[in-house]
Amino acid sequence: MSGGPGLESLVDHTISVITNDGRNIVGILKGFDQATNIILDESHERVFSTKEGVQQLVLGLYIIRGDNISIVGELDEDLDSSLDWSKMRAHPLKPVIH
Amino acid sequence: MEKTQAKPDSAAGNVDYKVTPSKEPLLPHLRLPAPTSATITHINWSSSLFFSYFKELVGREVTVELKNDLAIRGTLHSVDQYLNIKLENTRVVDQDKYPHMLSVRNCFIRGSVVRYVQLPPEGVDVELLHDATRREARGG
Amino acid sequence: MATTEEESAVKEPLDLIRLSLDERIYVKLRSDRELRGKLHAYDQHLNMILGDVEEVVTTVEIDDETYEEIVRTTRRTVPFLFVRGDGVILVSPPLRTA
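Chains as they are written, first to last, in the UniProt record's numbering: chain A, 1 to 98; chain B, 1 to 140; chain C, 1 to 98.
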């Protein structure tokens, strides 16, 4: 039986991670394992709010524990750079309630 | 962020943190029996119903609703034994309220955060499901 | 081990659910959600597939001025729904009466 989340194709690509507490972390996928623990390089958090546009917080090299990950999205970089995130207003995502 | 509690000894410095390997198993009562063919069969049948079902659904459009109230529609690309789901050509159902994933077209969703999956009616063979469920129930 | 028992024997909770196959059941879920639908499949985690599902979500808001609790219910129907078992609080077989 094949195991693991099968994120090989995303290694060295920019991904957008939604964590269970509702944060959005963007970075370059450097590694992952069976439990969806991931290594993110050059990562930064995109902070959404209704008061101002999206703020970027620099985080650096992060290892995120799989249990706290909701979504791993492949970022379409062309699409992403065509969007003006500094004008985007939205509520932060709700946390996952198990 | 939790901080590691300072151990009282560490203030003195030069603390040897090397773990001396012991001959005794740490938790002898937790040693598992050698796997038998019976236990392996058990693992195989257990919970393969929905894993198998979702594998049949690959290529169809589904809507995955998460426990953070996000709903993501997309083409089912793959599923694994944890019911982790990969979707292609994704779009968030209420994109105005949730622009967070606007530049994401393919995504991996962890099985544990799934609340519902809305299934395409043509992808549900009711009789087949009943039979598979009865077979799986007997296995238990 | 249960091969000689007849199909209708009810020894453990899941047997009762087996007898509800192809019947309309009531499911209470976490985060104030309730489902009514026809049970088409389930496993030992109480993952399920329901058909002709009605979902009722109950939300409570506090009125800004009077501080009164306003209870709202939202309903929707879904043709076929896979329900992850970890959110299930209780399952009730079809009502014999009514």
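Hint data in this document are derived by calculation from the structure and do not stem from the laboratory.
Heads up, some of the hints might be wrong.
Now the in silico label distances, taken between C-beta atoms and shown as ranges [to be verified]:
1) D33/A <-> E68/C: 23 to 31 Å
2) G85/C <-> H130/B: 35 to 43 Å
3) A35/A <-> S52/B: 16 to 24 Å
Derived BS3-like pairs (lysine-lysine); straight-line CA-CA distance at most 25 Å [claimed, not checked]:
4) K51/A <-> K97/B
5) K38/C <-> K94/A
6) K94/A <-> K55/B
7) K87/A <-> K55/B
8) K55/B <-> K38/C
All C-beta atoms in this analysis are idealised placements derived from N, C-alpha and C, irrespective of residue type, glycine included.
Going down the list of hints, with the structure as the test:
no. : hint                         : verdict
1   : D33/A <-> E68/C: 23 to 31 Å  : 50 Å, violated
2   : G85/C <-> H130/B: 35 to 43 Å : 18 Å, violated
3   : A35/A <-> S52/B: 16 to 24 Å  : 23 Å, holds
4   : K51/A <-> K97/B              : 14 Å, holds
5   : K38/C <-> K94/A              : 31 Å, violated
6   : K94/A <-> K55/B              : 30 Å, violated
7   : K87/A <-> K55/B              : 40 Å, violated
8   : K55/B <-> K38/C              : 23 Å, holds
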